[in-house]
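*Asks:* Here is what each chain is made of, one letter per residue.
There are 2 protein chains.
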Amino acid sequence: MRDPRDALSAAQVGAWLGHALALSDLCRRTIEQVSAAGLSVERKADRSLVTSADRAAEQAVRASAAERTPEAGVLGEEFGQSRPEAEFTWVIDPIDGTAEFAAGLPLWGTIIGLWYRGLPLAGVIDHPALGRRAHAAWRAGAYLDGQRLVLEDLPATGPSGTERIGTPSRTAFVKFRDAGARFDALARTLPNLRIFHTCLTHTSAASGALDAALEWDAPDWDLGATRILVEEAGGAYRTLSERVHPELGRVSSAVFGRPRLVEAIAALLEG
Amino acid sequence: MRDPRDALSAAQVGAWLGHALALSDLCRRTIEQVSAAGLSVERKADRSLVTSADRAAEQAVRASAAERTPEAGVLGEEFGQSRPEAEFTWVIDPIDGTAEFAAGLPLWGTIIGLWYRGLPLAGVIDHPALGRRAHAAWRAGAYLDGQRLVLEDLPATGPSGTERIGTPSRTAFVKFRDAGARFDALARTLPNLRIFHTCLTHTSAASGALDAALEWDAPDWDLGATRILVEEAGGAYRTLSERVHPELGRVSSAVFGRPRLVEAIAALLEG
Numbered sequence: 012m013r014d015p016r017d018a019l020s021a022a023q024v025g026a027w028l029g030h031a032l033a034l035s036d037l038c039r040r041t042i043e044q045v046s047a048a049g050l051s052v053e054r055k056a057d058r059s060l061v062t063s064a065d066r067a068a069e070q071a072v073r074a075s076a077a078e079r080t081p082e083a084g085v086l087g088e089e090f091g092q093s094r095p096e097a098e099f100t101w102v103i104d105p106i107d108g109t110a111e112f113a114a115g116l117p118l119w120g121t122i123i124g125l126w127y128r129g130l131p132l133a134g135v136i137d138h139p140a141l142g143r144r145a146h147a148a149w150r151a152g153a154y155l156d157g158q159r160l161v162l163e164d165l166p167a168t169g170p171s172g173t174e175r176i177g178t179p180s181r182t183a184f185v186k187f188r189d190a191g192a193r194f195d196a197l198a199r200t201l202p203n204l205r206i207f208h209t210c211l212t213h214t215s216a217a218s219g220a221l222d223a224a225l226e227w228d229a230p231d232w233d234l235g236a237t238r239i240l241v242e243e244a245g246g247a248y249r250t251l252s253e254r255v256h257p258e259l260g261r262v263s264s265a266v267f268g269r270p271r272l273v274e275a276i277a278a279l280l281e282g
Numbered sequence: 012m013r014d015p016r017d018a019l020s021a022a023q024v025g026a027w028l029g030h031a032l033a034l035s036d037l038c039r040r041t042i043e044q045v046s047a048a049g050l051s052v053e054r055k056a057d058r059s060l061v062t063s064a065d066r067a068a069e070q071a072v073r074a075s076a077a078e079r080t081p082e083a084g085v086l087g088e089e090f091g092q093s094r095p096e097a098e099f100t101w102v103i104d105p106i107d108g109t110a111e112f113a114a115g116l117p118l119w120g121t122i123i124g125l126w127y128r129g130l131p132l133a134g135v136i137d138h139p140a141l142g143r144r145a146h147a148a149w150r151a152g153a154y155l156d157g158q159r160l161v162l163e164d165l166p167a168t169g170p171s172g173t174e175r176i177g178t179p180s181r182t183a184f185v186k187f188r189d190a191g192a193r194f195d196a197l198a199r200t201l202p203n204l205r206i207f208h209t210c211l212t213h214t215s216a217a218s219g220a221l222d223a224a225l226e227w228d229a230p231d232w233d234l235g236a237t238r239i240l241v242e243e244a245g246g247a248y249r250t251l252s253e254r255v256h257p258e259l260g261r262v263s264s265a266v267f268g269r270p271r272l273v274e275a276i277a278a279l280l281e282g
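Protein chains in written order, with the working numbering: chain G, 12 to 282; chain C, 12 to 282.
Source of the hints: derived by calculation from the structure; they are not laboratory data.
Predicted, not measured: the structure shown is a model, and the values here were computed from it.
Check each hint, because a few of them may be wrong.
Unchecked claim - Quick partial rundown of chain G residues pointing at chain C, CB under 8 angstroms, derived from the structure:
| id | residue |
| --- | --- |
| 1 | Gln23 |
| 2 | Ala26 |
| 3 | Gly29 |
| 4 | Leu141 |
| 5 | Arg181 |
| 6 | Asn203 |
| 7 | Leu204 |
| 8 | Arg205 |
| 9 | Ala277 |
| 10 | Glu281 |
Beta carbons: idealized from backbone N, C-alpha and C, even for Gly.
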């Protein structure tokens, strides 16, 4: 079966990637400007944080996307979905890791994904406070700061138990359902965990700085750029579950990184 | 009872802090130079990583410390202890988070502590790859990038369960003894964990970016600057256990950060 994305030429894919990179630049400038002017921070109904920078950056990206790519819809954390029927959809989280951002920890990032007929076509994760950016596009490879990413698999003997695994905190496992035992099983079997709690986990899994990583019950905008980044780097991406949350829409659990490790973690978390 | 450190004048303490900052500058330059020339990475007998930058930086700091402060001993990760009888001891880890450093994650740091009669007198944690440095000295306050750190306590009602807690990975809890159940209890009770796995956890606890943090069975050089940073910021530091490891010498477990949270975590982990 032909992949629907192959209907697009390399030039078309390249043009979309160019838009994605430009939107990420715009996000970075907007966040800088709002931060310099003085940030306001408040708590949303679901108790998560939002800042004036999140809102300003998402508005700026939406306005620019509408001008550059009027044929595309947008799905974003702060202002919902526009044009859900469009073939192309921007899936954006201007500040993923708002709590880290508000705390002054430089681990947050901007996620700009582009989906074509529900499949990831291009993706950028920018870490402005680390001066580091990853991008990828369909059949065009994945890059971190201009360097091509090539993920090696584990040896055929499989995981040793020392692999570096990125995970959300246990909070994510008990937020919408009681899956805390999955986190506990993961920590017992693969104890060398990292919890950065932002998309730094995702870029680290795409670059091999982590051997694998996962998200648990995460909305689409948290994962908008991850699959294309990891798959174009030669890694595997497995969706473990999908459900519909009344306010967030679809939330997914997924594991991604070196293929044999992804299979082992998927078996552990699905079992 | 008078604190032995009060025998030193503010000018003496200031001079020692100046030396600590200069040693941290030297470390940063040495690591930059070795990295630019091309890093070599190998595995030590205990399976932990060491790079040519760790060794070069510790040698540079030892040489400079011997010249600047001949009256002081040095305890470091790579080259052991010199002059254990000295009143002043430099306690240094040139690259804390070597695994993160080798993986290209910017979360590692340089730890420079100065102890006087076994009590912390001054401390610097430098994060070169984040462009961020914390320092503190006895009765002189704690600072992050020149800004005074002042930790507020939790309200008298105590922890809500949403506090942000920095911890080492579960690997640390099972490395020398089977204390994995302590990690599991922590994750269940205070699920909003972060695992940076380096001294970024410590500077985050001193600045309030994390509400509290802990180390588990960590050698002295991992904790050489932490207590003075946290206490001078107005936080609490509690040692939970000390034991002697045949190769590492003393290893300690400790919790530090906002005082009421430190007490709650200490009760949880000691219980």
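*Asks:* Please list, smallest to largest, the hint numbers that this structure does not respect.
*Replies:* Numbers 1, 2, 3, 9, 10, in rising order.
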